[in-house]
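Protein chains in written order, with our numbering: chain A, 1 to 357; chain B, 358 to 409.
Hints are computed from structural coordinates only; laboratory data are not their basis.
Small disclaimer: the values here were computed from a predicted structure and weren't measured.
Glycine included, every Cβ here is placed at the ideal spot set by N, Cα and C.
Incorrect hints may appear among the rest.
[Unchecked claim] Far from chain B, some chain A residues (derived; all Cβ distances over 12 Å):
hint	residue
1	10
2	19
3	121
4	152
5	154
6	198
7	199
8	245
9	271
10	282
11	312
12	344
[Said to hold, decoys possible] Which chain B residues face chain A? A few, computed with CB under 10 Å, are given here:
hint	residue
13	395
14	396
15	397
16	398
17	399
18	400
19	402
20	404
21	405
22	406
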Amino acid sequence: MGTIANVLVGNAVLYLREPNNAKAEMSDQQAYAGSYSAKLYKSGSGNAGSTHVELASSTLWTAKTVDALVADPTDYSFYYYYSAVTGNFVQYELKYEDPDSDGWMELTVVPHQNTLGLATWTKKALALTDKIGYGGIAESGVSFFDWDLGDTIAEAVTGPLSGTGTPAVGDWQLKRVRLELWESSPERTAYVDSIEIDGTTYTIEPGGTAPGMKLDSASTEVGYSDEGLTIEYSTEIEDIRVNEETFPIGAAITSEDVTITMNLAESSMYNLDKAMAGSLLSGSILKLGAGTLKTLNARIEYTNPAGYKRHILIPNCIASGGVAMQSRRNEKTVVPITLRALKTASEAAVTILENVA
Amino acid sequence: MKKKEKEIEEMEAIVNEDEVVEIEAEVELEEVKLGPKPEKALYYENLFGGKK
Chain A
1 MGTIANVLVG
11 NAVLYLREPN
21 NAKAEMSDQQ
31 AYAGSYSAKL
41 YKSGSGNAGS
51 THVELASSTL
61 WTAKTVDALV
71 ADPTDYSFYY
81 YYSAVTGNFV
91 QYELKYEDPD
101 SDGWMELTVV
111 PHQNTLGLAT
121 WTKKALALTD
131 KIGYGGIAES
141 GVSFFDWDLG
151 DTIAEAVTGP
161 LSGTGTPAVG
171 DWQLKRVRLE
181 LWESSPERTA
191 YVDSIEIDGT
201 TYTIEPGGTA
211 PGMKLDSAST
221 EVGYSDEGLT
231 IEYSTEIEDI
241 RVNEETFPIG
251 AAITSEDVTI
261 TMNLAESSMY
271 NLDKAMAGSL
281 LSGSILKLGA
291 GTLKTLNARI
301 EYTNPAGYKR
311 HILIPNCIAS
321 GGVAMQSRRN
331 EKTVVPITLR
341 ALKTASEAAV
351 TILENVA
Chain B
358 MKKKEKEIEE
368 MEAIVNEDEV
378 VEIEAEVELE
388 EVKLGPKPEK
398 ALYYENLFGG
408 KK
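The following block holds chain A by itself, in its conformation from the complex:
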């Protein structure tokens, strides 16, 4: 008999990024431990934003408070391998939430600003003297932020945050961690592995111990859909036949394709632009006829039968389908989108990644 719990049900969520100038991938090109690491890449152009590997707890990590970080930041660490350029490399972002209110704070430690990459694996343990920037919503509902990098971890509680009009955050609890590249330039790659949070080291491997692991690059969720999402893998197989045998004696794949189709129920300019291969969106104007074919970065997120995340990562794809939108009285206008995966030079065209934690 089968196992009902293994039957996958429910919606998938599609996230897109375009232009395709930043990628977060599970890569076997480099690894500090095991066979894989998180590869974070910025192309050198386009918008800034968080290209990251994320570890998140389904509930708050109650013992991992801001006070605990300040008491000993050295048990928060990661291993890194940076490409040989000078730039702003990995930031260690910790998101804390107030268990007693809707307050939250993203505390970002920036130990590798304007740093020369050495193309070798090195450990970085956070230190009291590392610079921080932070922003969030206080218990009172008022926003606060300070990003002039004038503060250090040591001052996270005793510095401006605990001054007049700023929230007391010492007992706020950790919700998630992101190791991220932010600035778009220069072109650079950072591999990140073995992330330590408050003394526990999590492996960055398929099936690794990192809880709620997610690789993302400031993507946008396409929103409501109509009749869900379809991902289709197709192949063309050429038989090898010889005159003396009636069956083929072998076979070879001559082509492979993965396409994603989805009817987007939200007819936003963003969604229109992503569905149309040659469109050009600038603010509130979308133009057709420029003849450019844009590439996108797609991520599909499921919850697997065990209750953990399963991601389908397509680092390079194009919108390839026709877009027919019907407007009728009292009916929604759906935007059909078809994405087709392209191969990149060093990584897989499509990766299906299952979390076990």
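Chain B: place on chain A using the hints.
Leaving out everything else, chain B in the frame of chain A:
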């Protein structure tokens, strides 16, 4: 005499100008030393409004 005084005043003005230029140059050097503003700061400025 008056002509000489005028010349001295003009020279002092030039010296003062030089001093001003020097101060400006120091300020510029300091800004370069601090480096560009982290782009994540702009994210929070957009999210919450204002500058800090």
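To see whether the hints hold, each was checked on the structure:
1. 10: The assertion about residue 10 of chain A holds, with a minimum of 31 Å to chain B.
2. 19: holds (17 Å)
3. 121: It holds; residue 121 of chain A is separated from chain B by about 26 Å at its closest Cβ, greater than 12 Å.
4. 152: holds (15 Å)
5. 154: Answer for residue 154 of chain A: holds, closest chain B Cβ roughly 19 Å.
6. 198: At roughly 23 Å from the nearest Cβ of chain B, residue 198 of chain A sits farther out than 12 Å, so the non-interface label holds.
7. 199: Residue 199 of chain A clear of chain B: closest Cβ-Cβ about 27 Å, beyond 12 Å.
8. 245: The claim stands: residue 245 of chain A keeps its Cβ more than 12 Å from every Cβ of chain B (closest is about 64 Å).
9. 271: holds (22 Å)
10. 282: With a cut-off of 12 Å, residue 282 of chain A remains clear of chain B, as the shortest Cβ separation is near 18 Å.
11. 312: holds (28 Å)
12. 344: holds (26 Å)
13. 395: holds (6 Å)
14. 396: Result: holds, 4 Å to nearest chain A Cβ.
15. 397: holds (5 Å)
16. 398: holds (3 Å)
17. 399: holds (8 Å)
18. 400: holds (8 Å)
19. 402: holds (8 Å)
20. 404: At about 7 Å, which falls below the 10 Å cut-off, the nearest Cβ of chain A leaves the hint on residue 404 of chain B intact, so it holds.
21. 405: holds (4 Å)
22. 406: This hint holds: residue 406 of chain B lies near chain A, its Cβ roughly 8 Å from the closest one there, short of 10 Å.
Hint compliance for this structure: no hint is broken.
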